[in-house]
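Student: Residues per chain, in single letters:
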Amino acid sequence: MSNRIDVKKTYKLFINGAFPRTESGRTYEVKNAKGIFIANPCLASRKDLKDAVVAARAAQHGWNKATAYNKGQILYRLAEMLEGRRAQFVDEIVTVTGVTKAKAEKEVTDSVDRLVWYAGWSDKISSLSGALNPVAGPYYNFTIPESMGVIAAIAPEVPSLLGLIDSLAPIIVGGNTVIVLASTKAPLSAMSFAEVIATSDVPAGVINILTGKKDEITPWMASHMDIDGLDISGLGAKKHAEIKFAGAENIKRIYSFKNADPGRILAFMENKTVWHPIGL
Amino acid sequence: MGEKLTFEYAPAPESRALVSIKPKYGHFIGGKFVAGSKHFPTINPATEEVLSQIALAGKNDIDAAVKAARKAYTTTWSKMSGKERGKYLFRIARIMQERSREFAVLETLDNGKPIRESRDVDVPLAAAHFFYHAGWADKLEYAGLGTTPKAHGVAGQIIPWNFPLLMLAWKVAPALAAGNTVVLKPAETTSLTALLFAEVCQQAELPAGVVNIVTGDGSTGALIVNHPGIDKIAFTGSTEVGKIIARAVAPTNKSVTLELGGKAANIIFEDAAIDESVEGIVNGIFFNQGHVCCAGSRLILQESIADEVLEKLKNRMAKIRVGDPMDKNTDLGAINSKEQLLKIRELTAVGDSEGAQRWSAPCDLPGKGFWFAPTIFTGVTQAHRIAREEIFGPVLSILTFRTPQEGIDKANNTPFGLSAGIWSEKGSKILWASQQLRAGVIWANTFNKFDPTSPFGGYKESGWGREGGRHGLSAYLKGVSHE
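Chains as they are written, first to last, in the working numbering: chain A, 1 to 280; chain B, 1 to 483.
Quick caveat, the hints were computed from the structure, so don't treat them as lab data. Given the structure is predicted, the values throughout are model-derived calculations rather than measurements. Please note that the accuracy of each hint is not assured.
Taking lysine-lysine and the DSSO-like style, the derived pairs with C-alpha atoms no more than 30 Å apart in a straight line are [stated by the list, open to error]:
1. B:LYS478 with A:LYS258
2. B:LYS67 with B:LYS79
3. B:LYS243 with A:LYS239
4. A:LYS65 with B:LYS410
Some chain A residues judged to face chain B by a derived CB distance under 10 Å, without partners named [unchecked claim]:
5. SER223
6. MET225
7. TRP275
The beta carbon of each residue, even a glycine, is placed where N, CA and C say it ideally should be.
Let the hints inform the model, and build the full structure from the sequences given.
Tutor: Here's what the structure looks like:
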């Protein structure tokens with residue numbers, strides 16, 4: 001048995017529910033902590049980003065229309081699928097980052113639990129932020145949070161799986177669709193998580209995952225006129241000003257986060273106020 | 001003379017005796033009026049009469065105002081309990097109510113809007129904003145931002161000329177309630193009610209420096225936006241300037257809220273109550289001369305009722321009384337400035353040249369001042385500039401649709417997302433349409449309604465954040481998880 005040659009996986013992008021290679025044909029080398037070659041993931045291009053935005057925009061209406069109950073169940077399904085493949089994710093995290101098995105196991109456990117936590121917010125977030133406004137007149141007037149649209153996110157380098165979950169789950173639980181740029185140095189968890197997504201009833205285009213260079217892709221995200229918001233938590237603070245400057249062209253909502261909390265969901269939701277007269 | 005049977009309204013002019021306008025104003029800094037160095041005239045746009053000379057704030061003035069605001073923040077306002085802060089806001093609300101007629105007359109003289117609107121809308125709503133936010137001052141820990149929400153510090157606030165006093169109230173009331181001090185700049189053409197508000201602050205014995213008012217033009221605004229001593233920027237105005245501000249603050253830690261432009265769709269479905277809809281269309285676009293960021297400037301009309309609605313709309317428009325803003329019968333006042341009038345003329349000329357059909361209500365416009373008759377364009381397509389750009393005047397672009405989905409798609413085909421109107425007598429259709437429309441404020445079977453308890457603000461290029469309600473208050477507090 002020990003003579004068996006491994007069947008290694010080609011790591012590709014995840015766009016519109018499919019696993020395409022980058023149209024640019026570019027890849028980069030990922031090595032483990034000891035400098036040994038592991039994989040050649042895609043170096044996503046501007047065209048790949050554009051394709052992902054088209055997919056995300058097309059999927060947004062349907063995803064937003066899904067009931068909160070349905071969205072919650074689909075996020076929970078992601079947790080179920082991740083739980084079932086724990087061993088693979090632990091192996092990949094250990095291989096790429098060189099952390100202990102115990103530490104990798106904790107990250108996967110936290111990731112599953114975090115998904116479950118976000119899943120539960122789907123039908124509760126509006127009671128946290130919505131309001132019936134007591135206006136001084138005969139009008140029924142309410143404010144509710146609703147999806148912002150297409151959001152892009154830069155996942156942090158580490159933790160590569162938990163950071164990815166925090167990048168995509170709060171965005172989609174609010175009814176948005178997302179394009180996430182995975183950890184550059186440790187992209188394997190993200191690309192394997194795409195397999196979890198593909199088997200979890202998440203409609204095609206709702207989550208799209210790219211791999212590549214932050215410095216190259218983030219400015220493209222910031223200046224893209226069909227991206228409504230951008231989470232730059234995974235981008236070094238020195239780059240924030242440049243990205244916010246570029247995003248001003250379409251008044252893009254650009255934030256970075258330190259914690260997982262409901263504010264992270266609400267940041268990429270818009271408050272809508274509706275008025276209607278009351279009377280006979 | 002023909003046999004036309006008309007019932008003319010006798011003029012019912014409001015008296016201007018109540019207001020005393022000084023020949024020259026300075027800035028209000030550190031609780032005192034201080035002289036300005038350079039001045040520019042402010043005029044009554046209905047008559048072109050020069051009302052007063054307004055000071056143009058430069059760098060030294062802004063430095064002084066920010067310094068006064070910082071001092072008031074650190075020594076007084078941030079140390080005061082919310083309960084006591086709130087009482088100052090209640091006092092301000094009451095004094096504004098007491099002096100409401102004076103504010104209304106002054107607003108109409110300086111802005112050109114009908115006295116009926118300044119008296120019945122602008123001023124009462126402004127007082128209501130202070131009254132509402134006064135009650136928040138000692139309840140901030142319940143505003144949903146954790147148990148210890150903190151003020152930002154010094155807020156720089158830049159407001160437009162369309163609702164001068166009301167926009168001041170939208171900015172100052174939540175800022176003060178949340179514990180910030182402010183440096184506020186009114187618009188170049190409409191400084192007078194802000195300067196009268198400074199007197200209200202004095203009468204309320206508001207601690208010196210909590211509210212500072214500096215007057216000037218865009219260059220003054222830029223000094224505020226770029227001042228390193230300011231922690232929070234709040235701006236209401238054009239999307240163009242909003243983008244400049246967003247770029248300017250990108251390298252800073254300043255918190256920003258922006259209320260920007262709009263090109264609101266007002267959708268009339270075939271099952272709407274037609275007469276009410278026509279009133280709603282008129283209110284939507286001709287309220288405040290159309291100088292409203294959330295004006296219903298694109299009428300999206302279902303084809304089956306288009307002819308009927310258009311006929312009734314023209315009839316109704318012919319009855320709009322255009323003229324002296326000080327006349328209590330006037331519906332449509334003066335355009336706020338010559339510059340704005342030229343912009344309206346330019347964009348409507350583009351409407352003609354791009355092939356849309358213009359119709360203006362027959363009315364006699366006064367010889368002096370800045371005037372534009374209520375106007376509609378039919379045959380407008382989505383590509384026309386008058387369907388895409390904010391005209392900010394009494395000009396309505398009319399498009400038609402066949403299926404409800406087509407109506408929604410046309411309504412959403414804009415980079416703006418501030419407001420939208422829906423007219424239908426079918427409840428499920430109204431709720432469906434209100435879900436589909438990508439805008440922050442949806443008026444169903446009504447239009448242009450505002451209230452301090454009701455969050456107002458836009459999607460997409462119409463801005464960042466909300467004003468009014470708990471959502472608006474939170475823009476003046478730290479405690480949110482994101483930066």
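Student: Go through the hint on A:MET225 and say holds or violated, using the shortest Cβ distance to chain B against 10 Å.
Tutor: holds, 8 Å
Student: Check whether the Cα positions of B:LYS243 and A:LYS239 lie no farther apart than 30 Å.
Tutor: Roughly 19 Å separates the two Cα atoms, so the pair holds.
Student: Given a cut of 10 Å on the nearest C-beta pair, is the interface hint for A:SER223 held or broken against chain B?
Tutor: violated, 12 Å
Student: Take the C-alpha atoms of B:LYS478 and A:LYS258, compute the straight-line distance between them, and say whether it is at most 30 Å.
Tutor: Judged against 30 Å, a Cα distance of about 15 Å means the pair holds.
Student: Hey, does the A:TRP275 contact hint survive, CB to chain B under 10 Å?
Tutor: Result: holds, 5 Å to nearest chain B Cβ.
Student: Take a quick look at whether B:LYS67 and B:LYS79 sit within 30 Å of each other, Cα to Cα.
Tutor: Status holds; Cα separation ~17 Å.
Student: Has the given pair, A:LYS65 with B:LYS410, been kept, meaning a C-alpha gap of at most 30 Å?
Tutor: With a Cα-Cα distance of about 20 Å, the restraint between A:LYS65 and B:LYS410 holds, given a limit of 30 Å.
Figure legend: structure checked against the earlier numbered hints; the only hint not met is number 5.
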